[in-house]
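Chain order of the listed sequences is Z and E.
Residue numbering for the first sequence follows the numbering used here, beginning at 40 and increasing consecutively.
Residue numbering for the second sequence follows the numbering used here, beginning at 142 and increasing consecutively.
Just so you know, the hints here were simulated from the structure itself, not pulled from any lab data.
Among the hints, a few may not be true.
Some chain Z residues well away from chain E (every beta-carbon gap over 10 Å; in silico) [claimed, not checked]:
1) G90
2) A201
3) V202
Just a few of them, taken from the derived set where beta-carbon distance is under 8 Å, the chain E residues facing chain Z [claimed, not checked]:
4) G150
5) G158
6) L165
7) G171
8) V278
9) L282
10) I283
Label-pair ranges, simulated between beta-carbon atoms [said to hold, decoys possible]:
11) P75/Z to I212/E: 33 to 41 Å
12) N289/E to D118/Z: 47 to 55 Å
13) S202/E to L69/Z: 36 to 44 Å
14) L287/E to D214/Z: 24 to 32 Å
15) A225/Z to F259/E: 48 to 56 Å
16) G297/Z to G171/E: 22 to 30 Å
We treat Cβ as the ideally placed atom computed from N, Cα and C, and that holds for glycine.
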Amino acid sequence: MIDQLQRIGRGTLDRLAATGRSGQMLLQSLFVPPAPKEMLPLLIKQLHFVGVLSLVIIFVSGLFIGMVLGLQGYTILVDYGSEQAVGQMVALSLVRELAPVVTALLFAGRAGSAVTAEIGLMKATEQLASYEMIGVDPMRRIIAPRLWAGFISLPLLTMIFAVVGIWGGSLVAVDWLGIYSGSFWANMQASVDFSTDVLNGIVKSLVFGFVVIWIAVFQGYDAVPTSEGISKATTRTVVYSSLAVLGLDFILTAMMFGEI
Amino acid sequence: MQMRTLEIGVGALILAGVISLVTLAINVSGLSLTDRAGGYTIYARFENIGGLTERAKVSLSGVQIGEVSAIRIDSRMLMADVEMRIFSEVDYLSIDSSAQILTAGLLGEKYIGITPGFEEETLQEGSRIEDTQSALVLEELIGKFLFNKVSE
């Protein structure tokens, strides 16, 4: 009984300490005097790694999700004789929900896990420590560029996902199932509002990008420096960031669209 | 050389993101760059607006000529006071026009239909449509129908 209580207490304190360390890492890496000359090349390298290399998976999954939405929406709406509304359905569900959430989940799996493994391995092979030895701050050199790269690239990827998805939906609905393209686009434009739908979707993706990359970088930075520790940290990155994205999505949706 | 390919890739990513944003704004949400803020405001009182919302269409013969800009309660008359913004190019609505709350389709959204009148004088900024017809509320209709059945 006492043992169990002790274990619970220790676990809670460990979690609290980890949260504290992650906040400390964030502050130390974000609030540094800017030095664009040396930081920009590092940032570009990371942007290429987490952003550009994720383009293919984002493009392909966006296309297929849009096509599935178009097909499913059509088969349901055709029963009510309102199959023109399929454009509205595809666009609203993509812009508001699917694009930010699915992109963030894919991003956590594709880029987040890689970042965690990379930083974890750097720690295990004592590269981080050697940076400190030669007087280079690893926060600035390793952590900060990765944080910024994730934060910048996820919103871009989300918008690309939404556009590709809508294009996929129009491929199925207009070109394959023969909905009149005028009513497809007109219905969409009449129902999608720029500030409530598009901008809120972008706000969501900004929040998700921040959370996912923060979790990924911190799990790598805080990993136990063994091969087992790195594998655990990588798993934790994917699990924690998926849960955080889905939970935050509910809260953000309730705040943005739940005005009842 | 290696660095240059990275830079080009990142530039392409950012460009694709910006193009996507513009596509979302213009093609998907129909954000128009021309300013429709101009125009004039007219008012109408309704007994029951039954689900009319702000930004609902105001139409003449089915063509949109404006939108509902505000809905409030007239505390003196205890009726709904609807403020509508009419596009400035539509300056030929006569002063005795009437306004009706209509439904698009059987269960669709509510909008306001204007039926033009015959007077020479036209509606101006701040004028009020006196002849209005409330929304069709399904419950009231069923209630009336049942009441008639019972009294038969």
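Practice task
Taking the numbered hints from earlier one at a time, note which ones the structure violates and give those numbers from smallest to largest.
Solution key: 1, 2, 3, 8, 9, 10, 11, 12, 13, 14, 15
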